[in-house]
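Start from the sequences, fold in the hints, and give me the full structure.
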Amino acid sequence: MPIQYYIYFCLTLFSIGVIGVLTRRNAIIVFMCIELMLNAVNLLLVAFSKMHHGAALASNAATTAGIDGQLFVFFIMVVAAAEVSVGLAIIVMMYRNTHSVDINFLNRLKN
Amino acid sequence: MNVVQILFFILSALAIFGSIMVLLSKNPVHSVLWLITVFFAISGHYILLNAQFLAIVNLIVYAGAIMVLFLFVIMLMNLNADAEPRKHLWMKLAGIISGGCFLMVLVSLIRQTTELTGKTALMKEGNIGLIKNLGKALFNDYVVPFEISSVLFLSAMVGAVVIGKKD
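Chains as they are written, first to last, in the numbering used here: chain E, 1 to 111; chain S, 112 to 278.
Be careful, since some hints might not be right.
Covered stretches of chain E, going by a simulated chain S footprint (3 or more residues, C-beta under 8 Å) [claimed, not checked]: (1) 2-11; (2) 22-36; (3) 44-57; (4) 68-78.
Counterexamples of contact, computed for chain E against chain S with all Cβ distances above 10 Å [claimed, not checked]: (5) ASN39; (6) ASN60; (7) LEU106; (8) ARG108.
Hint data in this document are derived by calculation from the structure and do not stem from the laboratory.
Small disclaimer: the values here were computed from a predicted structure and weren't measured.
We put the CB at the ideal spot given by N, CA and C, even for glycine.
Structure follows, in structure tokens:
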């Protein structure tokens with residue numbers, strides 16, 4: 001599969017995530033759009049890793065070139081899980097204080 | 112057009128449709144369910160690229176743990192559809208236009224690059240995505256980041272408990 005198809009697909013997913021962050025006001029939906037952008041980047045990293053591996057496989061049959069990209073994806077997933085737990089705790093705390101999940105309540109980071 | 116290409120286009124269409132429905136759904140629970148669909152489609156892409164470990168981890172961590180956490184928080188808050196505040200139409204239009212301009216600039220940039228012509232991603236071959244090779248690389252070359260990420264998890268856990276605690 002040509003790498004351009006993967007790039008266009010991941011760019012589309014990333015842009016949909018950007019549009020969601022810009023247009024929605026529910027903090028949980030904004031958070032889900034951030035997860036969508038992270039996943040688009042993950043898929044593109046794996047596609048580039050396989051592209052690099054396929055190029056290196058032609059000269060050396062036992063190469064592991066491109067494995068770093070997949071490990072980066074693994075670490076991105078780890079960081080995303082930690083980020084989600086802290087972020088949802090912040091959203092719950094904000095809901096407890098303001099009884100709303102509107103992100104416009106957060107524009108001053110005070111009160 | 113072989114099976115891999117057909118599967119690629121079906122999974123891409125499913126993912127894009129699901130992500131659009133995440134934005135368009137009024138009910139946050141429906142958004143979460145569409146996002147799970149997107150994650151399943153992305154896991155299918157990983158399987159097509161023979162990254163089997165990442166496909167399973169994506170399903171377990173994202174579609175399993177994180178989305179259950181989202182659903183739990185949404186149901187804890189008892190949000191209903193008409194309680195969500197609406198943005199002004201002009202703000203929505205500005206967001207859509209700026210996001211579309213972002214997409215257009217990047218796509219035209221990719222179309223102009225000459226380095227990418229003829230490059231292909233290796234489909235359903237190559238064994239770097241298998242758990243044996245990934246484990247070897249993880250515990251030989253990436254031991255220190257692995258341990259640091261465990262410390263990160265510990266601090267995130269403590270932080271979530273402290274933030275989420277009452278007063």
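Hints and how they fare:
no.: 1; hint: 2-11; result: holds (count 9)
no.: 2; hint: 22-36; result: holds (count 12)
no.: 3; hint: 44-57; result: holds (count 10)
no.: 4; hint: 68-78; result: holds (count 8)
no.: 5; hint: ASN39; result: violated (5 Å)
no.: 6; hint: ASN60; result: holds (12 Å)
no.: 7; hint: LEU106; result: holds (13 Å)
no.: 8; hint: ARG108; result: holds (17 Å)
Violated hint: 5 only; the structure is consistent with all others.
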